[in-house]
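Colleague: Here is what each chain is made of, one letter per residue.
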Amino acid sequence: MINKLSYSKQKGILIISFLIVPLLLLCLFSLYPAVYLVYLSFMNWDGYSPVKTFAGFANYKDVFANKEIWQAFSHNFVYLGWGLLQNVGGLVFALMLNSKLRGRNGYRVMLFMPYIMNGVAVAYMFNYVFNSEYGSLNTLLHSVGLDSLAISWFGSPKIVNHVLGFITLWKFLGLNMVIYLAALQSVPSDIIEAARIDGASRMQTIFHVILPNMVRVIELNLFLTIIGTLEIFDLPFLLTKGGPLGASDTFLTKTVEMAFKFNNFGMASAMSLTLIAAVIVILSVQRLVTRRWSD
Amino acid sequence: MKKTAKITLVLSMCMMLLAACGGKGNDTNATPTASPDSSETASTDGELKGTITWATHRTELVDTDLKRYVEKFEAKYPGTTVKIEGLKDYEQTIRVRMAGNELPDVLSLVETTKADLPTFYEPLDDLGLNDNIYFKDYNSYEGKLYGITQQTAINGLVYNKKAFEKAGITAPPKTLDELFTVAEKLKAAGIVPMATAFKDGWTLQYWTDPAEFIYGSTSLRNDKLNTDTPFTVDGPYGQGLGILKQLYDKGYLEKDIYSASWDQTQKDIATGKTAMMYIGNWFFSNLIAAGLPSEDIGFAPLPFDNSGQFKGMMRNDWAYAVSAQSKNKPLAKAFVKFMLEESGDEADHMIISPLKDKKQDLPQLTEFMSYNPTMLEAQSVDTKVTTAENKMQFNVFKFIQESTVGNLQTVFDGYNKKWKAAKEATK
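In the order they appear, the protein sequences are chains A and B.
Counting from 1, one number per residue, gives the positions in the first sequence under our numbering.
Counting from 1001, one number per residue, gives the positions in the second sequence under our numbering.
Calculated directly from the structure, the hints in this document are not laboratory data.
Nothing here was measured: the structure is a model prediction, and the numbers come from that model.
Just to be clear, a hint being listed does not mean it is correct.
Stretch by stretch, here's where chain A covers chain B in the computed footprint (C-beta under 8 Å, at least three residues) [to be verified]:
#1 1108 to 1119
#2 1303 to 1314
#3 1401 to 1409
#4 1416 to 1422
Cβ atoms here follow ideal geometry from the backbone N, Cα and C, with glycine treated the same way.
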């Protein structure tokens, strides 16, 4: 039967039949839950009972009126700061390891290794490093006589987010570096050579030739970093449980608490959607800035 | 014509796929609760046969003791199989299954509103244990019993006798003043007087007991409904939590409380680095596992004032429950009864059986009782209270943490304000 159809018809049938499965999966596992999330955010629901009552915009009002949630969200910006530093670090290392350095492959592997490690293992490792009484960092500080610096790293409300931010930097720097490295290697060597011949210094080559050629990739890395930092969850959840006294709560740990501790799935859904909106706003700002810079 | 042909093709393929998915879905729905054959073989009256699933929060014992109890049960009733499922993140996992109507046959009861109990759980009145158990009212609704606590816990001051000896202390404190003198002596001897596992938070929940001792009743939490300002500095909460606060202010808790974790606390008390902790009697077995011999564990009531009168708190634990959806209820119920009466669980883990007629001969409990404490039984929490608490996002661990390190008046003012608003909003 199919053989009698024209070539274009056959093509159409083929495309459609191949597309059905992924589209169906997309609807089932991605679109349906997303729509359901929006639906839940307008409901009062405790997570298990069969009854859901309509709440209107009450959940959203509560989210915006709740000071603690926004305080927790401000902690995310500490991570963002460390995330930007992580991009700078990744770029510097990429530039260094792109030159003809002896043993550069070894360094690349070393820097990328933390990213491969399991997040939970990383958390436990740093739990040991930063423990105030038994930790290796404080032991080191005591042994060199810097006792005043050996503080309670996870116990000081002002420090704890920076400690956690540092751990994210350690973990994700390698990923940024690898992406930058790939971009660096795709910068055409003839334009770099041309710049050299025209008498550009190494710094001038980097700032005026290499970086403008990888704006897209810098943008991508910033995109990944911003999403990652605004949605940071595992480290504070595993290491501090939001403590001390909520000083390391993030928007997501608050959301999970709202759903599973206070059984308020409606408000938790509203929080998730608020976070999505916040991510979109911040990403648009980022795009605007990088656009202007690349022009 | 072309278009319609294409659309029909797409639609029909979609239907086929959906149908396939749906078919599979129905099959898998049944398996987690009970294997399909159990329903057929189950209710041939009197005969216990088939398979049930038992979900438990006691993950650390799943492959050892609990497995042994199950083997014992299966040997007693040949032809039965009990599948143990240890759930690490117990409550969240069960809540998700609750929403999906896929509860395991036997489980640890996850709290719902009282009116929802019959929706999810099976009445256990026909086990014939009603007159013989502690905390019967806790999980009852309209005269029917839906959950039996897996153990009864007595909260008291657990102390390391060797650590007391080292600091020259001969007996546990009998008054509040003595508690501070004892703590001072321990501190002077280089021992941390009181453990809290402050960072993990949940270990602090027992410190509301002194507030209830002072109030004279365990209805303190429920009675919040009658007032807009339940938390006052000179009231039960202020005085009760004030004990912990004074211990903190005088430096009698862990040196860096924000790093003090549950894991480390157990080791420190076992080695005598830390001397005391206010916690339930179930803690003994943890200490023994951490290397402290049983004869070095002391257990006494916590003095809450200077009168020399003692009070003790009895709390319930997770409760055994049978799912209302279970396909093999007789077997599930028999298993609950077996666990309570014959498993030997309470002796193995040095806990107190919820059955009133089971005698306990732990020396620590004899010591505790020698002080003649008035025993209080924990009460179930009014649904209205939990609703309002959830509305105000009341986290009792954080509440105690904040009152310990912060200014009581400021902390209480904040919570009173939230309580009043939440109470009115959920009326």
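Colleague: Cut-off 8 Å, C-beta pairs, minimum 3 residues; does the coverage of the segment 1303 to 1314 of chain B by chain A stand?
Modeller: violated (count 0)
Colleague: Mind taking a look at whether chain A covers the segment 1416 to 1422 of chain B? Criterion is 3 or more residues with CB to CB distance under 8 Å.
Modeller: Coverage by chain A is violated here, the residue count being 0 at a Cβ distance below 8 Å.
Colleague: If you look at each residue in the segment 1108 to 1119 of chain B, do at least three have a Cβ nearer than 8 Å to any Cβ of chain A?
Modeller: holds (count 4)
Colleague: Taking 8 Å as the C-beta cutoff, is the stated coverage of the segment 1401 to 1409 of chain B by chain A satisfied by three or more residues?
Modeller: holds (count 4)
The structure fails to meet hints 2 and 4 from the earlier list, while all remaining hints are met.
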